[in-house]
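Residues per chain, in single letters:
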Amino acid sequence: MTLQLDGDELDGDDLPLPGPAAGEPLPTRAELVSEAAPSRAARGLRTTVYDVYTTVLQTGIGGGLLLGASGSLRNALQAGLSSTGDGPGLVSRTSGVLTSAGLAVAAVLVLLGALCRIGPVSLGTAPTAWWTPLPVERGDLLRPVLRQRALVSAVTGAVICGWAGSIAVGTSPDLGTAGFLSALGGGAALGAALGLGGYALVTRPAITAGTRAVVRTGAVLDALALAVVAALAVSALVGLAVDEVAPTALVVPAVVAVVLAVVALLTAGARSWRDVGATSAVSLRSGAARLGRLTSSVLQADVRELGRALAADATGRRRRRRGASRVPWARGPASAVWSADWLLLRRQPRRFLTAAAFALVPLVVAAGTGAPRGVLALLLWLAGYWAATTLSEPARSMALVPAAARALPVSQTRLPLLRLVPVAVLMAVWGAVAVPLAATTSGLVHGETTGTAWWAWALLGAFAGPGWAGAALRGALRPDPDLSRPQVSTAMGSLPPGAIAAVSTGPDLGVLVTVPVLLAVLSRGAFPLLVQGQVLASAAAVGLGWWYAAHRARKIS
Amino acid sequence: MSQKQQPTGASTRRKPAGAKPGGAAPAAKTAGAPARGKPRRKSGPALLELDGLTVGYTKSPVCAPVTVQVAAGEAVCLVGANGAGKSTVLRAVAGLLEPLGGEVRLRGSVVDERTVEFRRQVACVFDEDAWFAELSVAEHLELVARGHGVRDVVAVVDAELAAQRLSEHADELPTALSSGQRRRLLLAAALVRPRALLLLDEPEQRLDPTGRDTLLERLKAERDAGTAMLLATHDTVLLRGLADRAVVIDDHVCRVVDAEEAARLVTEPVAGP
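Protein sequences appear in the order of chains P and R. Per this note's numbering, the first sequence starts with residue 1, numbered consecutively. Per this note's numbering, the second sequence starts with residue 1, numbered consecutively.
Because the hints were derived from the structure by calculation, they are not lab data. Every residue gets a Cβ at the ideal spot worked out from N, C-alpha and C, and that includes glycine. Treat the hints loosely; a few may be bogus.
[Unchecked claim] Listed next, the stretches of chain R that the computed footprint assigns to chain P, with coverage defined by at least 3 CB atoms under 8 Å from CB atoms of chain P: (1) 226-233; (2) 242-252.
[Said to hold, decoys possible] The calculated label-pair distances, taken between Cβ atoms and stated as ranges, are: (3) Ala-133(R) <-> Pro-253(P): 44 to 52 Å; (4) Glu-168(R) <-> Trp-130(P): 29 to 37 Å; (5) Pro-144(P) <-> Asp-127(R): 34 to 42 Å; (6) Arg-216(P) <-> Ala-133(R): 17 to 25 Å; (7) Gly-101(R) <-> Ala-540(P): 36 to 44 Å; (8) Glu-168(R) <-> Ile-61(P): 55 to 63 Å; (9) Gln-487(P) <-> Pro-209(R): 47 to 55 Å; (10) Asn-82(R) <-> Ala-129(P): 19 to 27 Å; (11) Asn-82(R) <-> Ala-356(P): 23 to 31 Å; (12) Glu-168(R) <-> Ala-129(P): 28 to 36 Å; (13) Val-421(P) <-> Asp-152(R): 24 to 32 Å; (14) Ser-167(R) <-> Thr-59(P): 17 to 25 Å; (15) Lys-59(R) <-> Pro-135(P): 46 to 54 Å; (16) Ala-133(R) <-> Ser-494(P): 31 to 39 Å.
[Unchecked claim] Computed footprint of chain P on chain R; a stretch qualifies when at least three of its residues, placed anywhere within it, have a C-beta under 8 Å from a C-beta of chain P: (17) 142-155; (18) 178-184.
Please construct the entire structure, taking both the sequences and the accompanying hints into account.
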């Protein structure tokens with residue numbers, strides 16, 4: 001076989017080999033980067049100006065929103081303090097500090113869990129493919145990126161903790177500007193140290209162990225965050241007595257604990273900095289693939305894909321007793337579909353925990369703040385929809401593999417309805433528990449008469465549950481934003497076409513389902529007429545969700 | 001394609017002769033050289049009919065119209081250069097692509113892949129990830145078999161896993177398999193359930209030599225047991241050993257030739273661009 005090269009005909013043996021000749025030194029990292037830099041820098045003045053403009057604008061908008069939220073929250077807390085009389089002022093402020101600190105810690109833990117799963121340097125797919133085979137010491141390649149990511153982590157930690165500190169301490173009306181700024185600065189410094197050290201800590205598994213260790217560490221961090229939030233919820237529920245605890249008594253142990261934690265984390269950071277060159281290509285590629293999924297899910301406003309990308313463990317192995325059936329209860333097409341969905345749901349107990357947590361949200365808010373009844377209905381709508389979304393995720397993941405679904409003798413029209421059945425059953429149970437619980441804590445259950453009895457609210461919730469499942473089915477197969485077309489200017493800034501539909505498809509049906517619940521909350525009773533209305537609303541939601549899913553499934557396949 | 005008729009005809013719970021429960025055909029006792037020649041034109045009504053089928057994307061045909069009939073127990077191969085349109089024809093036959101012209105009929109009815117009857121009768125092995133990523137290999141096969149009402153499922157699945165040399169990987173997720181093992185999983189998923197028609201897009205791809213031998217013997221057993229097959233392939237061994245006829249997919253005219261002629265055409269050098 002011959003080949004034309006610059007007008008000369010070459011045999012295969014004559015083809016020039018790439019790379020330096022024997023004896024020549026290998027290129028350094030600096031040389032490689034300097035060769036690539038001109039092509040990366042060819043951006044043009046207009047692009048640079050636009051980038052600067054966009055960054056300044058977005059930073060300004062974000063800062064404004066943060067300040068506005070801070071002010072509102074501070075005012076709300078101060079209003080709460082002034083209404084509690086003499087003694088409870090200190091108590092409420094202590095609770096506010098603990099709550100703010102707990103939420104900040106949970107937020108940082110979630111962030112660290114995400115960073116852990118992405119990997120120490122989160123290069124992205126293309127740079128990973130380009131860098132990993134390069135004949136350059138890997139540490140030289142990775143350290144600049146590690147430094148950059150650590151900086152981002154520190155700044156993020158500083159913003160979160162500084163904001164929480166300003167809110168918590170700023171609720172004191174007599175604190176003054178200096179005290180407020182001290183709280184802000186102290187919180188920011190602490191957050192920066194925690195973010196930096198925490199980031200360094202979570203890079204360790206990716207550097208020294210493998211992808212399984214990374215997933216495990218991420219799960220531990222998530223569990224810790226969940227535990228913190230659960231502790232806060234429990235303390236709100238049972239009215240944890242912090243009245244007797246003076247804030248000053250907590251200062252010394254807290255400072256010692258924080259100093260020790262920061263020292264430990266920074267030590268881990270120094271070790272990560274030293275060892276980052278030992279990161280395996282497997283680890284880098286795994287992190288890059290995960291980062292790619294994360295990026296696309298964020299661009300498509302798909303929080304479920306975001307969760308999947310963070311939780312994915314592609315190397316899993318299922319254990320079973322040899323010779324035993326894996327799905328003995330499947331006896332035909334319909335039960336095969338249900339079995340597959342149930343199998344996946346059973347393997348993800350965190351979905352049940354999440355649904356249970358959503359059931360607690362309206363309860364905690366109603367018990368802790370005495371929120372208006374309209375807010376209670378709003379929370380039930382959100383909690384119901386999100387719980388259904390969580391529980392229907394396995395069914396959705398199945399629906400997104402149409403080639404596999406075609407292997408079963410079930411028509412494309414019937415398949416979405418079959419997938420809805422297990423979720424509807426679970427949601428009926430969820431609604432039968434969550435709605436009366438929220439009603440009880442709001443004082444809507446008082447007596448045994450029709451409408452005000454516990455069982456009436458349970459009946460209303462049981463009928464609302466399948467409706468929320470129908471809404472989640474509609475949301476599950478919603479179209480993604482069209483990123484291939486020019487963005488559209490809206491009041492919320494430039495958005496890709498279809499972004500609004502991507503966010504609203506699904507929750508819109510949830511609103512329909514929640515209307516009878518709202519009316520019941522406002523009229524202080526789950527009266528028979530409202531229960532009948534709930535049956536109709538849920539039936540409509542199931543029908544519409546099914547129709548939409550069948551319609552969309554055809555397009556997806 | 002505007003017709004949405006339900007395919008009619010014989011029950012699809014048919015078991016191939018000698019097949020184990022569930023429709024999995026037994027592996028051949030030997031995997032030697034394929035039988036040469038003897039194209040066997042099956043008599044009887046056509047199970048699958050492609051009548052002037054024109055396929056393409058955005059209203060541009062990728063190849064000339066295809067007309068061919070496949071009877072039960074007959075294997076017809078689609079051959080042609082890369083990009084000739086073999087896979088596109090197969091996708092149209094599977095109902096995954098709207099034809100630009102002509103018709104595809106299964107047992108006399110225009111195909112509609114969304115119907116139960118079509119899904120019950122047709123098993124496809126295409127070049128796509130047709131598995132549930134979060135179910136293990138064995139769970140996937142078992143669900144497919146149980147969904148089709150196969151009896152003694154555990155034995156059938158274990159036998160198929162052994163035939164495809166996947167027993168050691170039964171409890172792994174498909175994403176943990178190599179590309180060749182995933183290919184064998186797709187083949188197993190098609191063979192673990194009853195089927196009247198097999199659509200295969202280059203099934204030999206990514207298989208090792210042992211896998212290719214096994215594939216040939218399995219498909220021969222399938223054909224002899226009465227399953228109709230339409231497959232795209234570049235493999236001359238598969239062509240000579242399995243095909244009764246072949247359709248040469250081309251821009252100008254798609255013609256039906258015998259297997260030997262098709263094998264000769266496949267080995268001819270292809271003109272460059």
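Using the Cβ atoms, figure out if Glu-168(R) sits within 29 to 37 Å of Trp-130(P). The hinted range 29 to 37 Å holds for Glu-168(R) and Trp-130(P), with Cβ atoms some 36 Å apart.
Starting from the hint 24 to 32 Å, judge whether the C-beta atoms of Val-421(P) and Asp-152(R) obey it. 27 Å, holds
For the range 36 to 44 Å, tell me whether the beta carbons of Gly-101(R) and Ala-540(P) fit it or not. With a Cβ separation near 42 Å, Gly-101(R) and Ala-540(P) satisfy 36 to 44 Å, so the hint holds.
Has the hinted range 28 to 36 Å been met by the Cβ atoms of Glu-168(R) and Ala-129(P)? Given range 28 to 36 Å: holds, Cβ gap about 31 Å.
For the pair Ala-133(R) and Pro-253(P), does the Cβ-Cβ distance stay inside 44 to 52 Å? For Pro-253(P) against Ala-133(R), whose Cβ atoms are near 48 Å apart, the range 44 to 52 Å holds.
Range agreement (Cβ of Ile-61(P) with Cβ of Glu-168(R), hint 55 to 63 Å): 56 Å Cβ-Cβ, so the 55 to 63 Å window holds.
Could you tell me whether the CB distance from Ser-167(R) to Thr-59(P) stays inside 17 to 25 Å? Given about 58 Å between the Cβ atoms, the range is violated.
Are 3 or more residues of the stretch 142-155 of chain R near chain P, judged by a Cβ distance of less than 8 Å? With 9 residues close enough to chain P, the hint holds.
How does the coverage statement for the stretch 226-233 of chain R fare against chain P, requiring three or more residues with Cβ below 8 Å from a Cβ of that chain? violated (count 0)
Measuring from beta carbon to beta carbon, are Lys-59(R) and Pro-135(P) in 46 to 54 Å? 50 Å, holds
Within 8 Å of chain P's CB atoms, at least three CB atoms from the stretch 242-252 of chain R: coverage verdict: Violated, because only 0 residues of the stretch 242-252 of chain R bring their Cβ atoms closer than 8 Å to Cβ atoms of chain P.
State, for the Cβ atoms of Asn-82(R) and Ala-356(P), whether the hinted interval 23 to 31 Å holds or is violated. With a Cβ separation near 54 Å, Asn-82(R) and Ala-356(P) fall outside 23 to 31 Å, so the hint is violated.
Comparing the model with each earlier hint shows violations of hints 1, 2, 11, 14 and 18; every other hint is respected.
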